[in-house]
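This is what each chain is made of:
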Amino acid sequence: MNRELDNSAPGDGDELASILAEGIRSIGLVVLVRNPGDGVSDESFEIVGRAPDWLGTWLGAETSMLEHSPFLEDFVNGAAREFWDGPASENVLRSGLWEESPASSDVDETSETAPRFFEASALRTASGKAVLLIEPADERLKREQAYLQSVHVLNLDRRHLQKELEKKQILLECITHDLGSPLANELKNLEQIARQLADQPQLQSAVQRAIRQTERQRSLVNSIAEVFAADMAKMRSPNADGSEAPDLVAVAAEVLSACASSAAEKSVTLCPFFTSPLPVVGDKVYLSRLIDNLLLNAIRHSPEGAAVMIHFDEKDGFAMVRVEDEGSGIDPEEVETIFDPFVQGRAGGKGQSGLGLYFCRRTAEMWGGRVEVWNRPEGGACFELWLPRFRAVI
Amino acid sequence: MIKRKVCLVGAYAVGKTSLIRQFVTGVFSEDYLTTVGVKIDKRSVTVEGQEVLLMIWDLAGRDEFEAVQKSYLRGASGFLFVADGTRRDTLAEVQKEIALIVPDHPETPAILLLNKCDLENDWEVDDSDLLSFHEAGIETMVTSAMTGQNIAEAFDQLTRLMISRESGA
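Listed in order, the protein sequences are those of chains A and B. For what it's worth, this note's numbering labels the leading residue of the first sequence as 1, then goes sequentially. For what it's worth, this note's numbering labels the leading residue of the second sequence as 395, then goes sequentially.
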């Protein structure tokens with residue numbers, strides 16, 4: 001039963017319902033009013049004002065809405081009925097969003113067939129009349145769905161990542177314990193044997209070779225473990241635990257000092273051009289290892305008597321350390337792949353694992369930075385490590 | 395034909411909507427679209443000679459922001475609690491839901507579905523994780539919305555439990 005507002009009786013409940021209907025008609029709400037004491041069925045409600053076009057399509061005739069929509073029927077006969085018949089506590093009771101398919105009797109070839117979303121609200125007038133508002137909620141649904149979808153997908157992705165990290169942690173432990181520990185024992189035993197063979201130089205020489213091979217194996221295992229360790233949580237959020245942001249210049253100075261003997265062995269001169277401190281995002285231990293890899297790489301590929309230059313700079317929120325050598329440079333074909341795992345580059349890598357530069361790239365990227373490489377026009381290679389400047393949160 | 399309300403409850407992305415879609419239409423999609431609010435589907439089953447029209451309520455998955463609205467569960471004749479067998483933590487979510495729901499519906503039959511059993515390599519749940527459910531008298535079934543495994547069986551079994559309870563057997 002429809003009732004035009006102009007013809008409604010001027011009671012307090014009618015007046016409120018009329019005001020409500022007038023105020024909300026423009027946004028497509030259906031207002032139904034039920035007298036106190038009436039039962040709850042399709043017939044017990046009257047639509048205030050004119051029924052909007054969508055009502056028939058999605059909820060059927062106003063006299064059969066509850067029959068068509070199990071959700072609405074459940075709400076009206078359940079929570080809403082308790083609200084209307086119970087003591088006045090809240091001003092309004094909302095049903096929450098629900099999805100409705102078109103009412104089958106109203107669907108033809110030209111009708112919309114996609115489901116739509118609605119929300120119902122139960123209210124009560126001062127005279128005790130029950131008011132039921134029904135409003136389309138597609139826009140609200142889209143907003144809520146977009147938000148929840150992004151939260152859920154992020155959570156699922158994070159969980160997936162954690163699982164992957166756990167797998168790598170297990171692999172790391174396997175590498176460290178199952179491969180690394182036996183090698184350490186083997187090395188100790190070989191050293192013991194070597195000492196016992198002091199009077200048998202031929203055998204001792206063979207054992208020394210075995211020791212060197214074992215050391216290389218252990219070095220490779222450590223490198224692999226290091227690469228996988230780069231995926232661990234601390235690497236992903238290096239300063240999240242409040243740890244101090246490392247100063248790129250100070251860390252490089254420490255590494256330079258540690259590499260001095262390696263440089264001296266090849267008569268390579270290390271030439272740093274220090275600047276003022278450059279705090280960066282990162283973990284000090286791993287940053288040391290990263291710079292160490294770049295420096296040792298430069299020293300290794302430098303001819304005797306050459307120089308390795310170390311420069312610092314900053315630009316666009318990033319700090320940079322550049323390591324230049326005077327070696328043979330990088331084969332142009334290897335420039336694209338030199339940071340890939342197990343690529344040894346530059347004349348076969350001279351016994352290296354091929355993981356050092358991969359570790360550098362992975363670590364820098366995890367901290368939001370990057371590593372770049374090119375050949376200097378005057379000869380030799382140039383590696384630049386760029387890391388985000390650390391900004392303390394105030 | 396009698397009509398009965400069945401509610402699916404569980405954490406987000408465990409596959410509730412996919413289970414219902416597979417049961418009602420036989421369709422499965424890999425795409426994940428989070429459910430907001432409530433969607434009701436219908437399908438009739440015949441159990442022990444009794445035809446029952448199941449009104450299947452797909453309730454938005456619980457997350458840290460929101461528990462299932464209790465009013466949606468009013469009048470439910472059966473519950474299907476759903477967990478993702480590849481995410482053990484969704485079992486804990488189900489346990490929280492059970493703690494909230496079962497005291498208000500102590501006699502309502504319920505089955506726990508461990509969904510996504512097609513993902514064998516990622517499976518995280520073992521028998522010991524299900525002990526507390528078994529002790530609480532909740533039957534468990536392993537399902538796959540992708541392959542359809544055990545879905546019809548689960549609805550049939552729940553309907554059987556509902557009828558049996560109503561007949562006082």
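If you are wondering where the hints come from, they were derived from the structure by calculation, not from laboratory data. Owing to the predicted nature of the structure, the values given are computational and were not obtained by experimental measurement. Check each hint, because a few of them may be wrong.
Claimed, not checked - Derived DSSO-like pairs: lysine-lysine, alpha-carbon spacing no greater than 30 Å straight-line:
id, chain 1, residue 1, chain 2, residue 2
1, B, Lys399, B, Lys436
2, A, Lys163, B, Lys490
3, A, Lys167, A, Lys142
4, B, Lys490, A, Lys129
5, B, Lys464, A, Lys266
6, A, Lys163, B, Lys436
7, B, Lys490, A, Lys167
8, B, Lys436, A, Lys142
9, A, Lys315, A, Lys167
Would the hint linking B/Lys490 and A/Lys167 be met if the CA-CA limit is 30 Å?
Answer holds: B/Lys490 to A/Lys167 is near 29 Å, not above 30 Å.
Given the hint that A/Lys315 pairs with A/Lys167, test it: the Cα-Cα distance must not exceed 30 Å.
Violated, at about 38 Å.
If you draw a straight line from the CA of B/Lys399 to the CA of B/Lys436, is it 30 Å or shorter?
With a Cα-Cα distance of about 9 Å, the restraint between B/Lys399 and B/Lys436 holds, given a limit of 30 Å.
Straight-line Cα separation of B/Lys490 and A/Lys129 no greater than 30 Å?
Distance of about 38 Å is beyond 30 Å: violated.
For the pair we were handed, B/Lys464 and A/Lys266, check the Cα-Cα distance against 30 Å.
Outside the cut-off at roughly 76 Å; violated.
Is B/Lys436 within 30 Å of A/Lys142, Cα to Cα?
holds (25 Å)
Against the 30 Å threshold, does the CA-CA distance of A/Lys163 and B/Lys436 hold or violate the hint?
Since the Cα atoms of A/Lys163 and B/Lys436 sit roughly 37 Å apart, the hinted pair is violated (cutoff 30 Å).
Decide if the proposed pair is consistent with the structure: A/Lys167 and A/Lys142, CA atoms, cutoff 30 Å inclusive.
Since the Cα atoms of A/Lys167 and A/Lys142 sit roughly 37 Å apart, the hinted pair is violated (cutoff 30 Å).
Within 30 Å, alpha carbon to alpha carbon, are A/Lys163 and B/Lys490?
holds (24 Å)
In this structure, the hints that do not hold are numbers 3, 4, 5, 6, 9, in rising order.
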